[in-house]
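> Take a look at the letters that make up each chain.
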Amino acid sequence: DQQVKQNSPSLSVQEGRISILNCDYTNSMFDYFLWYKKYPAEGPTFLISISSIKDKNEDGRFTVFLNKSAKHLSLHIVPSQPGDSAVYFCAARGFRTGKLIFGQGTTLQVKP
Amino acid sequence: DSGVTQTPKHLITATGQRVTLRCSPRSGDLSVYWYQQSLDQGLQFLIQYYNGEERAKGNILERFSAQQFPDLHSELNLSSLELGDSALYFCASSISGGALDEQFFGPGTRLTVL
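Keeping their order, the protein sequence lines are chains C and L.
For any residue, its number in the numbering used here is found by taking its place in the first sequence, counting from 1, and adding 18.
For any residue, its number in the numbering used here is found by taking its place in the second sequence, counting from 1, and adding 16.
Errors might be hidden in some of the hints.
Stated by the list, open to error - Restricting the straight-line Cα-Cα distance to at most 30 Å, the calculated cross-link-like pairs of lysine-lysine (DSS-like) are: (1) C:K129 / C:K55; (2) C:K89 / C:K117; (3) C:K72 / L:K73; (4) C:K117 / C:K129; (5) C:K55 / C:K86; (6) C:K23 / C:K72; (7) C:K23 / C:K89; (8) C:K55 / C:K23; (9) C:K117 / C:K74; (10) C:K86 / L:K25; (11) L:K25 / C:K117; (12) C:K55 / C:K74; (13) L:K73 / C:K89; (14) C:K74 / C:K23; (15) C:K86 / C:K74; (16) C:K117 / C:K72; (17) L:K25 / C:K23; (18) C:K117 / L:K73; (19) C:K117 / C:K86; (20) C:K117 / C:K23; (21) C:K23 / C:K129; (22) C:K72 / C:K89; (23) C:K23 / L:K73; (24) C:K23 / C:K86; (25) L:K73 / L:K25; (26) L:K25 / C:K55; (27) C:K72 / L:K25.
Don't read these hints as lab results, they were simulated from the structure.
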């Protein structure tokens with residue numbers, strides 16, 4: 019039972035363009051959503067998050083959008099840079115729990 | 017560097033064996049989490065400890081067990097290993113284990129079961 023899904027295993031984007039990574043979830047009890055970035059041979063690192071009471075959160079080049087009715091969130095990276103090339107995981111957290119439910123990840127490649 | 021350390025980095029063993037993975041949380045963090053990442057899968061939450069006590073349990077097999085010691089380091093014990101247990105095992109830590117805490121991940125232990 020995959021409660022958090024990232025349906026695109028990979029994405030390739032040209033440097034300077036926008037990268038859009040998508041994530042769908044099934045459990046309406048999730049109240050907090052996070053994006054993690056992972057480089058090879060390293061653990062995931064926190065990138066940006068959004069509470070379920072918001073529909074947008076922005077941090078520099080990174081913006082996360084949440085559409086609760088569609089149970090969908092997306093991460094926008096503008097402009098994309100080669101250093102952004104990594105695996106991006108979407109994660110959701112249930113109400114009052116620290117347990118994270120992760121998607122399968124999307125490998126982003128930003129070409130110079 | 018997240019401040020979370022995991023040993024060993026790589027582990028190769030045979031089916032039926034038992035292994036122990038070790039995690040040291042960031043200085044000051046009281047809570048430890050264990051996650052398993054199998055091939056082409058996201059990270060699956062296994063178990064969480066806070067200050068030595070189990071706080072939450074996820075999809076952890078009965079063959080797996082964990083504990084957190086008084087010095088706050090944690091160990092994940094995997095026994096009667098099967099081929100399907102081959103995966104990356106990540107440890108994360110947070111200050112208090114609360115829902116709003118940021119979790120900091122270690123680099124992982126890659127387990128290969130032959």
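> Are the hints correct? Go through all of them and say.
Structure-based check of all given hints:
no. : hint            : verdict
1   : C:K129 / C:K55  : holds (18 Å)
2   : C:K89 / C:K117  : holds (19 Å)
3   : C:K72 / L:K73   : holds (29 Å)
4   : C:K117 / C:K129 : violated (35 Å)
5   : C:K55 / C:K86   : holds (23 Å)
6   : C:K23 / C:K72   : holds (20 Å)
7   : C:K23 / C:K89   : holds (11 Å)
8   : C:K55 / C:K23   : holds (16 Å)
9   : C:K117 / C:K74  : holds (23 Å)
10  : C:K86 / L:K25   : violated (39 Å)
11  : L:K25 / C:K117  : holds (24 Å)
12  : C:K55 / C:K74   : holds (19 Å)
13  : L:K73 / C:K89   : holds (25 Å)
14  : C:K74 / C:K23   : holds (20 Å)
15  : C:K86 / C:K74   : holds (11 Å)
16  : C:K117 / C:K72  : holds (21 Å)
17  : L:K25 / C:K23   : holds (28 Å)
18  : C:K117 / L:K73  : holds (9 Å)
19  : C:K117 / C:K86  : holds (20 Å)
20  : C:K117 / C:K23  : holds (16 Å)
21  : C:K23 / C:K129  : holds (25 Å)
22  : C:K72 / C:K89   : holds (13 Å)
23  : C:K23 / L:K73   : holds (21 Å)
24  : C:K23 / C:K86   : holds (15 Å)
25  : L:K73 / L:K25   : holds (24 Å)
26  : L:K25 / C:K55   : holds (20 Å)
27  : C:K72 / L:K25   : violated (39 Å)
Checked against the numbered hints above, the structure breaks hints 4, 10, 27 and satisfies the rest.
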